[in-house]
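**Q** Residues per chain are reported as follows:
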Amino acid sequence: MARFLVKRIVHGLAVLWVVITLTFILLRITPGGPFDRERRLPPEVMANIEAKYHLDEPWLKQYGRYLRGILEGDLGPSYKYLDRNVSDIIADTFPTSALLGILALSFALIFSLPVGLCAAATRNRWADRGCVFLATLGISLPNFILGAVLIWFFSLKLGWFQAGRWGQLSSVVLPMITLGAASFAYLSYLLRSALLETLSEDFIRTARAKGLREINVLFKHALRNSFIPVLTVLGPLFAALVTGSFVVEYVFAIPGMGRFFITAVADRDYPLIMGVTLVYTTVLVCANLLVDLLYSLVDPRIKTH
Amino acid sequence: MRMAQRFSARWQGNPLLLGSLAFILIVTLGALLAPLLSPYAPGGFDEKRILENPGWDHWLGTDELGRDLLTRILYGARVSMVVGFGTALIALLIGTIYGSISGYAGGALDNLLMRIVDIFYGLPDLLIFILLSLLLGRNIAGILIALALVTWVRFARITRGQVLQAKELIYVDGAKAIGASHVRIILRHILPNILAPILVTLTFSVPAAILAESTLSFIGLGINDPYSAWGTSWGTLAQDGWRAMRTYPHIIFFPALAIFLTILAFNFLGNGLRDILDPKAR
Amino acid sequence: MVFLTKRGAFRHALLLSSLLILASCNPFSRGRDEKTFRVNIGTEPPSLDWSLATDHVSFNVIANLMVGLTEFDKNLKPAPVIAKSWDILEGGRKVVFHLRDDVTWSDGQKVRAQDFEYSWKRLLNPKTASEYAYILFDIVNAEEFHEGKVTDEGLVGVKAIDDWTLEVRLKHPTSYFLSITTFEVTYPQRQDIIEKLGSKWTEPDHIVTNGPFLLSSWKHENEIQLRANPNFFLGKPAVEQVEMVMINEKTTALGLYEQGQLDFLDNHSIPTLEKPRLAKAPGFRHVPQLRGYYYGFATDRKPFDDTRVRKAFSMAIDRSVFPKILHGGELPATSWIPPGMLAHNPKIGPLYNPPEARRLLREAGYPDGKDFPRVTLAYNTDEEHKIVAEAIQSMWKRNLGVLVRLENQEWKVYLKKLQSDPPHIFRLGWGADYPDPDNFMKLFTALSGNNNTRWKNSRYDHLLELAAREMNEQRRIRLYNEAQRILCEADAPIVPLFTTAETTVLNPRYTGLEYSSMGRLVLRHVRLKESIQSPPPAARGRDKSA
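Protein chains in written order, with my numbering: chain H, 7 to 311; chain U, 7 to 288; chain W, 336 to 881.
Think of the hints as simulated: they come from the structure by calculation, not from any bench. Source: prediction; values computed, not measured. Virtual Cβ for every residue (Gly too), placed ideally from N, Cα, C. Treat the hints with care, since some could be wrong.
Unchecked claim - The calculated DSS-like cross-link candidates involving lysine-lysine, where the alpha carbons are at most 25 Å apart (straight line), are:
(1) Lys54(U) / Lys659(W)
(2) Lys419(W) / Lys445(W)
(3) Lys58(H) / Lys751(W)
(4) Lys615(W) / Lys58(H)
(5) Lys58(H) / Lys484(W)
(6) Lys54(U) / Lys419(W)
Unchecked claim - If you only want the chain H side, here are some residues facing chain W, beta carbon under 7 Å, derived:
(7) Glu50
(8) Ile55
(9) Val257
Stated by the list, open to error - Output of the computed footprint for chain H on chain U, the stretches with three or more beta carbons under 8 Å from beta carbons of chain H:
(10) 133-146
(11) 212-221
(12) 260-271
Bound-form chain H, shown alone (with noise of 0.2 Å):
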């Protein structure tokens, strides 16, 4: 257990550093820098300013100041927001996405597990359609449509929740919804399949034939075992939702920290964007940690080794 623990933790580290790597090189061979402005600024002024922030130095240099920044804690100052550096933003804005992300998460958890159920488990063809209907209509939805929809209706037409001010419950409701519908029928979608194989085996038969009730096979047996696949996309789904998602936070005026993985480059603010990425890079590697060790958890046939 030890050993496979340290070596995922080293694994995931290797990862973060290739991650940093490959997104300084990006940022650098991007045209346009920081300072362009429509108003060119005066050489001299450009050249203080450069100074200032470490972008005459050679790259390498630049690349080793960043690296050994992070390890101090220090994540460097932000290029757009002059009064703030790049760990009080993302200290201000990480809190607000996750907390978006673990509603819709839970949203879509909570939500899917009846869909699914209903699909596998009633032998109702037509349940089954429809829960694989509304599932794929879920997936073909893209979030900027289902947000403009769900505000154009619930918010302009209906006037029950409202769309922006964040802070209040009425504001939560409705980009919890867009963050997490997509989400939700993936997970449906996954939980009918997998609930589906494992009806399907031989211990769920020997269950059914030892006389167990029905509702007992399907949440202390299937269920629990059609959890494996819903783990599995879980890890990526939690570290993308908890980082927040640009659109959502945009349509929905969310102070939150998806936005800077667009506008961020916009400002090519290289230390901002270095920052985000670095932060949904830890939270996969985390998050796919502990779904490994959930693994064994759920089913103890899995070992980690």
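Position chains U and W against the provided structure of chain H, taking the given hints into account.
**A** Chains U and W alone, transformed into the frame defined by chain H:
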């Protein structure tokens, strides 16, 4: 042969599959024949017909420059279709080759190649996609390459898994014993066996690419040149419409519907194909 | 039994969702607080440190927190604020400001001349690395200090003679210098606060200001709250509180306004196509800005190295369509200096004349656009730039028979391309730092770092030099007229298209909001109307789609 039989047998029982296929064909034909189907040009500027509601002259209404929306959607289908199929095919090519090599070679090479795939999974998709599209330029080729570079890993993983399974099968050993070359083994013995899951993945990759392109367009980084053969992508049209949602719902509704229905059709097709080709992995 | 399970799960789901709906049914839970005025500023202000801020969002917050030596009056002339008077000495090479002695910082200390000296030197200090450092380069030794050639701060020509007297020495007579003192980057700063707290000094707990409002909270990426400064020396503002929210998406912001959750919207918050509908609402206004919108030609590339081709392209544009497609009160322009500025002259520039344009094109060797090379019109990605480009593309096709290719680039990629390899035709805008024609016209001199057309005309450059030194207004106007004729008619390296305007909507219950032609939002005179009879702005169901 068996595959073909399975196909025709399942075909009839699935109206959704047939409907989806028909819809995709219609969209494809519409994209190809757009200049013949529509009396209007995709570009232009008609001061007197700005923002008309759907009606007889303009079935789906007109946009902010008085252009026929239906025509723009037809031309826009070209972008979506080319991006969808193009990306999926490029990703398929890179992914299967990569995955086959990795799975077939096994050992240290396999390990290394899969670590690289892990890294690709560790990158935030949208960020990489945007950086690449900035680097490669705002044109069809740039978007295709950027998208393909993000999606190929999916094919690589699946192919590798399938190759590993197939490798265990006895007939590969048999082929080896006869002294067949590696390439021949991969091409003749392994690839045909993994065709089904790859075809299914391919079908699902097309809508994923269309979705990614339209999201990028919605953010404002899409393809737009009304007069060119490429027209304006659906995502760009939807973005124009979103801004006027309250007063002129038709200019977001129809492009959004086009995106949604097309993606839906591909997903249904994928579902159907999976049921037919790979009944175990539902 | 399976059936039962399903029902159970469904019941739970139903219960949960109904709970959520119940809990959130009241969209106005924040209440309609009459004392709070709410505006959307669109995005997080990048900095509230006025030595570092560079953008409108930051300046619009700062301008309500702070005052400086002077401010623009209605005619864009500098008027006294902290400076009660000034003397211009030594033929314009020395300016002495006399300060009021009753202006206080929010911590009770007096605002003194030393605070200005510190702030200006901080702006110029190379370590501050301020983008606007160059705005003070007319001061003796300022540029040298910024470049590091002069290291002694004391040599820079700005000095507090005593607490209430600020002396500025200039390199040469500068007619627009007083205008610069209206600019936020020249506002005073507190050395003790900034040196103690470093970059954190702009946080609400630390910041020390002297203006009509005080910063009470700053929730990043979300909202800023201001409260009226009871000790403001020009009188406490009428509204007790101001909420500045950061909603990037226009449609979302407009929705909130119509639900009564916002009191003021500007271009940040109004989608182009909603403008015609809002134009009928009370409180709607277009405010022309000192900001020009133009297309430039790469004059060193074929076919635009030929003046006739450039003129033909300029004449083939019907500029009257812009307000019709952009709906924002844009003022079509054929000349470059915008209305509201000295030497504005609408008579200069080519009129819309397709036959003449075709004739010029034929003369240049392209009858009806035949054999015209493939050229590209580039713009940076934006809804409005796209509409303009598409309309002009269509007009050129119709009037000249030339089909140009459109290319849009992400902003920074676009800027890079303009520097390294300008496209045949490109879009740009220009806003005034200070409202003087010098600022607009200098853009296209041979030495200007922002002249992407690569056009050079020594006569033009010479005229501008003369005009900058000329103190007589009438003679100055004549010089600018001649220069504008070269720029817009004779040589036509650029096609001026229109002067932009800001579309604003103010909740009709309020009055007194000022939006300047420089894009500043001034909230200090905002107050509720006497009779609160007018309907709320919500007016739901006004949309056509209902």
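**Q** Would you pick out the hints that fail for this structure and give their numbers low to high?
**A** The structure conflicts with hints 4 and 6, although it agrees with all the remaining ones.
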